[in-house]
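**Q** On the provided structure of chain R, position chain A as indicated by the hints.
For reference, the chains in residue letters:
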Amino acid sequence: MTTDTESSTTKTHSAEPAPPRRRIGFTGRMMAPGIALLAALTVLPFVTIVVMSFSEVHLLGGLSLDFAGLSNWARFFTDPDMGWFWLRTGLYFVLTLGLEMVLGVLLALCVWRLIRGRNLVLSMLLLPMFVAPVLVGLLGRFLVDPTIGLYSWVLEQLGYGGDVLGGTFSAFAAVVAMDVWEWTPLIALITLAGLTSVPLPLREAAALDGAGRWQTLRHIVLPSISNVLLVALLIRAMDAIRYFDIIWVTTNGGPANATKIVPVRLYETAFRFFDFGYAAVIGLAMLLASIVIARTFVRMLDRKGLAR
Amino acid sequence: MSVVDTADSRAASAPGGGTDDNRGGPAGTRGSRLSPLERTGTGTRVVIGVALALALLWTLVPLVWMLLSSFKPSEAINSADPQWLFDPTLRHYTGLFTGGNELLPYLWHSVAAAGGSAVLSVILGALAGYGLARSGMRGKRHLSFWIISTRMAPIAAVVLPLFLMFRQVGLIDTVPGLILAYLTFNLPFAIWLLNAFFADVPQALEESARVEGCTNWQAFRYVVLPLTKSGLVTTFVLCLVFAWNDYAFALVFSGPHSQTLPIAASQLVTQSGIDWGQLCAIGTFVVVPMMLAGLAVRRWLVTGLTLGAVTGE
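Residue numbers (this note's numbering), protein chains in the order written: chain R, 9 to 316; chain A, 24 to 336.
Any given hint could turn out to be false.
Lysine to aspartate or glutamate pairs mimicking DMTMM-like chemistry, simulated, CA-CA at most 25 angstroms apart [what the hints assert, rightly or not]:
#: 1; chain 1: A; residue 1: K163; chain 2: R; residue 2: D310
#: 2; chain 1: A; residue 1: K163; chain 2: A; residue 2: D223
#: 3; chain 1: A; residue 1: K163; chain 2: A; residue 2: E229
#: 4; chain 1: A; residue 1: K252; chain 2: A; residue 2: E229
#: 5; chain 1: R; residue 1: K312; chain 2: R; residue 2: D247
#: 6; chain 1: R; residue 1: K312; chain 2: A; residue 2: D223
In silico contact screen, one side only, chain R against chain A (beta carbon under 10 angstroms); selected entries [unchecked claim]:
#: 7; residue: F34
#: 8; residue: V59
#: 9; residue: L105
#: 10; residue: L158
#: 11; residue: Y159
#: 12; residue: L163
#: 13; residue: L166
#: 14; residue: T192
#: 15; residue: A196
#: 16; residue: L274
#: 17; residue: A297
#: 18; residue: V306
Since the hints were derived computationally from the structure, they do not count as laboratory data. From a predicted model like this one, the values you see are computed outputs, not experimental measurements. Cβ coordinates follow ideal geometry from the N, Cα and C atoms, glycine included.
The following block holds chain R by itself, in its conformation from the complex (with noise of 0.2 angstroms):
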């Protein structure tokens, strides 16, 4: 990652001086200030926590970094709870992905049925992307509240009385739910968006054809929209490593560890524990982790020209 931003930032700079091919070196006065900023913005945290990793960090009576060998790196590779927290991390991102792919994609399909009233169906449909997560987690504390909670009320004339944030089964399906209702528009809006590409004389040809409405659907529709499908997947999947608001302001990880998602972890570590080597570590296996993703996204969209 540093060498790419290294080799190219040189590029910008060494471009400059050559007067015969002008107009590179105007791309590459346009390109410098934002790349430059991203650069002090990336490159500098990335070698302060490669750093702090190695390090035991204190803050009390000013800020000093005292060498520590690799003993958070054993830490991380021998807590045994640290597994949980990345299986538990796991189980979370496809619980939520997969549950919004599935519910995104059949509300596309109705929606895309809908000929009167559409955008303003799809318009409502769309609200939740625009909620703040962290008042996501709040209101969903607000519906599940076990005294004066609308969810809980309702769940309670269903014959299911107990406190939902305070099991961990129903919490960490509390937890989920919260994301899929915020997250689910945005595949919907994607998959609509590739649904309405779909060449219609293709459809026609399969009717006529005698397909029934599930063939067309299963052979044409579906294969053709099958790249707009990995990038919704693909995008949603970026931001689901990001963000973990929902849960710190729900549960903050409990009860007993049930929600405890890695970047929850990280955060308590860092933040309430102040133990910002150990952090570190994890910090960078997170950073790890969503880089070799973020490759092969970028992997597959390029092998499916769908990348600029």
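**A** Below, chain A alone, put in the same frame as chain R:
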């Protein structure tokens, strides 16, 4: 530009213009032209109607409940049975601006931090995005990948080193600090997205402008920029939404002099309980502007949120 354009124009022109899009219409109006596929049976229509009704219920109930609760007297909120009928009150809203809960500073911090980061992102992103779109440099693909990968970095992992760096240079608890922090995710997003919009502008337009005597800069400023207005607005709105909705960065970097609205909302959660009425009022305050902004650029949302990956047919 984006595929969603097609969706809009089709839906709008379906009765008159499109022979191709009359699926859900009453059977018989244009039935002869339709293939069997396009005729939706009553059963299917009922299923779709029910599914959409459920989806709308699932989507809207929490939002409507928040809006309603923000106008409810506290007794109605704290009742064990849901109250749909009540005497509306503005108490929770006025309560946000009176007494100990002075919301105005939070509002100002939010506007300044989110707005500042969005403006800077669009300016720097437009320059860099255009440069990237027109550059013939080697290693451009690596540069592009690096740019977009910074946008995908986990927030928790980014916050950690930035916290130490900001502490060293005194950027903790300042609005400029928040703006810089937000740039870590908004700037790569803006560069990448605007790059996609600029790549769609035919290069011949700038060539001819230059033949007419424009400098490179003038060709960009007076020919290309006006053509990408929708891209610039979309980028601005999305950057604004991302920054406005941020919680993780603000939680770490802000203090009394820079706390934003999401922090104000979360601070209503105290040991002694939560003032849900005020929370719903703040929530409405935070959410409504972003919804309006988001819906205003809905046509370009797909392009924006997929970073230009799903464009064209």
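**Q** Each hint should be assessed against the structure and marked as holding or not.
**A** Do the hints match the structure? See the list:
1. Taken as a hint, the A/K163 and R/D310 pair is honoured in the structure, with Cα atoms around 14 angstroms apart against an allowance of 25 angstroms.
2. Annotation: proposed proximity of A/K163 to A/D223 holds, straight-line Cα distance about 18 angstroms (limit 25 angstroms).
3. At most 25 angstroms may separate the alpha-carbon atoms for a hinted pair to count; A/K163 and A/E229 meet this at roughly 21 angstroms.
4. Simply put, A/K252 and A/E229 have alpha-carbon atoms about 16 angstroms apart, close enough for the 25 angstroms limit, and the pair holds.
5. Between R/K312 and R/D247 the CA atoms are separated by roughly 21 angstroms; this keeps the pair inside 25 angstroms, and the hint holds.
6. Simply put, R/K312 and A/D223 have alpha-carbon atoms about 19 angstroms apart, close enough for the 25 angstroms limit, and the pair holds.
7. Taking 10 angstroms as the C-beta contact cut-off toward chain A, the hint placing R/F34 at the interface holds, the least distance being around 4 angstroms.
8. A cut of 10 angstroms between beta carbons decides the hint on R/V59: the least distance to chain A is about 9 angstroms, and the hint holds.
9. Interface restraint check for R/L105: the shortest CB-CB distance to chain A comes to about 15 angstroms, outside 10 angstroms, so the restraint is violated.
10. About 5 angstroms separates the beta-carbon of R/L158 from the nearest beta-carbon of chain A, less than 10 angstroms, and the hint is met.
11. A distance limit of 10 angstroms between C-beta atoms decides the matter here; for R/Y159 the minimum to chain A is near 8 angstroms, and the interface restraint holds.
12. This hint is violated: R/L163 has a C-beta 12 angstroms from the nearest C-beta of chain A, more than the 10 angstroms allowed.
13. Taking 10 angstroms as the C-beta cut-off, the interface hint given for R/L166 is violated, the closest approach to chain A being about 14 angstroms.
14. Here the hint on R/T192 is kept, as its CB sits about 8 angstroms from the closest CB of chain A, short of 10 angstroms.
15. Given hint, R/A196 at the interface with chain A, holds; its Cβ is 9 angstroms from that chain's nearest Cβ, closer than 10 angstroms.
16. Because the closest C-beta pair between R/L274 and chain A is about 4 angstroms apart, less than 10 angstroms, the hint holds.
17. Because the closest C-beta pair between R/A297 and chain A is about 8 angstroms apart, less than 10 angstroms, the hint holds.
18. Here the hint on R/V306 is kept, as its CB sits about 6 angstroms from the closest CB of chain A, short of 10 angstroms.
In this structure, the earlier hints numbered 9, 12, 13 are contradicted, and the remaining ones agree with it.
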